[in-house]
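Protein chains in written order, with the working numbering: chain E, 44 to 327; chain R, 44 to 327; chain Y, 44 to 327.
Please note that a few of the clues may not be correct.
Put simply, identical chains are the same to the list, so a pair is met inside one copy or across any two.
Claimed, not checked - Pairs of lysine-lysine, DSBU-like flavour, derived with a Cα cap of 35 Å:
(1) Lys326 <-> Lys113
(2) Lys113 <-> Lys265
(3) Lys184 <-> Lys326
(4) Lys326 <-> Lys250
Calculated from the structure, these hints are not laboratory results.
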Amino acid sequence: GDGRMGIVYNGADWNFSSRARVTFTLSGTTDNGIEFGGSFRADQAGDSVLDNGAAYGSEGSVYVSGAFGKIEMGDAVSAPEALFGDLPEVGYTDLTSAGGLENDIPYLTGDGVTTLAGNPVVLYTYSTGPISIAASMSDGKLGSVNDQQEYAVAGAYTYENYTVGFGYEMLEDVGGVAGVDYTQGELAGVATFGDTSVKAYFAKGGKQNPVDQAFGLGVTSKFGATTVLGYVQKAEFTAGGDVTWYGLGASYDLGGGASIVGGISDDDLANTDPTADLGVKFKF
Amino acid sequence: GDGRMGIVYNGADWNFSSRARVTFTLSGTTDNGIEFGGSFRADQAGDSVLDNGAAYGSEGSVYVSGAFGKIEMGDAVSAPEALFGDLPEVGYTDLTSAGGLENDIPYLTGDGVTTLAGNPVVLYTYSTGPISIAASMSDGKLGSVNDQQEYAVAGAYTYENYTVGFGYEMLEDVGGVAGVDYTQGELAGVATFGDTSVKAYFAKGGKQNPVDQAFGLGVTSKFGATTVLGYVQKAEFTAGGDVTWYGLGASYDLGGGASIVGGISDDDLANTDPTADLGVKFKF
Amino acid sequence: GDGRMGIVYNGADWNFSSRARVTFTLSGTTDNGIEFGGSFRADQAGDSVLDNGAAYGSEGSVYVSGAFGKIEMGDAVSAPEALFGDLPEVGYTDLTSAGGLENDIPYLTGDGVTTLAGNPVVLYTYSTGPISIAASMSDGKLGSVNDQQEYAVAGAYTYENYTVGFGYEMLEDVGGVAGVDYTQGELAGVATFGDTSVKAYFAKGGKQNPVDQAFGLGVTSKFGATTVLGYVQKAEFTAGGDVTWYGLGASYDLGGGASIVGGISDDDLANTDPTADLGVKFKF
């Protein structure tokens, strides 16, 4: 499980913020060595009265894994997110700026985007030597269980401490409207120099995707028990109205699973203050 | 816990379907040897904000068990279901036909029928030698916590590999309307021949029960790691409109708690396709 | 975890009542010996779709504890409740009278009063020798995340088997109305004589608090495996309409975590019957 407590400046005033969570991790192995399992948090278990959560495929996930790769079903991330992840989380509460922007790379699919009860996302990943590939999809169809459908593929190549990769995502019949399709291609790179790691991406929207292009950079550096991290991202929209947002944070490891974490986050939208927080995080 | 993932044909198109669940099992023994305990799934824990689930008696159950038999309270099954159970589950998702019919024997009471927050069902079971008896009831009363009330009794006699039994159920003031009562009597038999088990029942409705009569047959056969199972049921209504439904399935045990399971389910209602599924099931 | 089952007379008729719950307890220690942890029940985990529960700080709590005292954040009790607690719980279901009154001392703040998602309560407690002090607050502010704000302080002094203490609580902008403030002061005493414990309190409301004054007495006595307990409380309102309520109960320890518990509860409001219950309680 995990927990956290501290204070958050939401752009207008300071507030207390705390939480406690428990994660269930399930695993097993078949007689011929195929691994299987699943994972979800207690607050994602779902409510059998409301038909939501991991018990209905809309949170958490299950997987089967072997020489053929890994197949995961549930609230899986999209293929490019599976290979590149997001930029570093800032602050003990994973801060968002006053405009609601944060460290997540704006992938088009996966990670809850089209995951509903009865409409889980399937993610396939496979690695061999320096090469990793991934594919993901949901099963939506106009007039069926869910109107939207998504597909994504991604590949990455690692040479020593450098990884480069690409991704391509498609979201069809967005909002259940026939013919409204979004696409997005991504290029991403990760480089590690000693205790410093740098991640950069460029994303280019297509079809009716309101995002024309987006790009960002994240850096994480360790100095003993202290980690300093930050990110900056910019999105340009086809309808205009570009926005840049960024975050800067630090954490100090107290040992035993506890750390002191703080950060600040902001964007260049008009009339918004930065947000900030300072608190302790626990891992159990 | 348990999990599953695979694909389901819902009568119109194929969809992904997955889930992950965790079950809590609690038990203890008093100084004089009486056993007690309870059980519920994480998704049945309830939400203390919404006042539902096992924390409010409407899901899961608790029990006390000793030489006097077993008393269970919560979302208990009815007396006849406690002794005879249901017909075999078909498919990795416990398939229902496109008309919503499935392998469950249409008992009148218990198993959630009148179980609400503050209105749990009590089930008493007792076995001695070849004889098993059961009684169940809820505490509803017109104008009280819950308007509906239920009662049921059942008995079974086992001789070698043959079990025969009867059940009688009563549901009073259905829908909170005074004097609208349903009754239902059941006869059931189970026979086991080597690796094959056969279950059959006949149910006869009474008073305002819309079901005039229902009957069904289920068969389960094991061939090494493979199990084949199926059921067929028919219900005849006092208002006409008989319906027959059935299911056929198979599972292959992979060991370690994993199995490949698939099935097909259908009914003779007009304009409906069969439903089918194929996937893997996990037990942890 | 814990469970219970039995029958309850709600003032009108007898009903079955049962429940089953699981509690998660998390703890750890940093390298320099500071303890941290958290606790919540499965039904308090929250629902990540509904943004409630321990995962959002509105139920359960987390803490950090060391030589400096203990800081708890989440659904914490108020400072005076942390030091004095409530009067004894009566009946296996923690009975309330037909008028909704129960054994809880009517503290003004904490314990869910102003705890909402995003607005946890912070409680600080510190003990040294015979002295204990506590302070609690929430972060509400008119027009912010939550309109109401609360503060409370308390102190206690223990001499041999006698403890005396005071508390002061303030709830500002009640119901989000500027200038509607409630205050309340409390005096409390606990005395232990062998197997008998007596607790008494007096509370005096101030500002717009509708309670003018309240006072109560609780007694718990052990006779071997049997415990007898009871309480009586009276509240006087500035607008008139005094009310007295009381409860009397007993429990018998069966060992292994099970006990038989029963009680009766009543108030002097017009036209209400007593409530009563009898059942078994389990601890796992």
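We went through each hint and held it up to the structure:
When the C-alpha separation of Lys326 and Lys113 is checked against a cutoff of 35 Å, the pair qualifies both within a copy, at 27 Å, and between copies, at 19 Å. When the C-alpha separation of Lys113 and Lys265 is checked against a cutoff of 35 Å, the pair qualifies both within a copy, at 31 Å, and between copies, at 30 Å. Taking the closest pair of Cα atoms, Lys184 and Lys326 come within 35 Å of each other only across two copies (31 Å); inside a single copy the shortest separation is 40 Å, beyond that limit. In this homomeric assembly, Lys326 and Lys250 never come within 35 Å of each other (Cα to Cα): the closest approach is 43 Å inside a single copy and 44 Å across copies.
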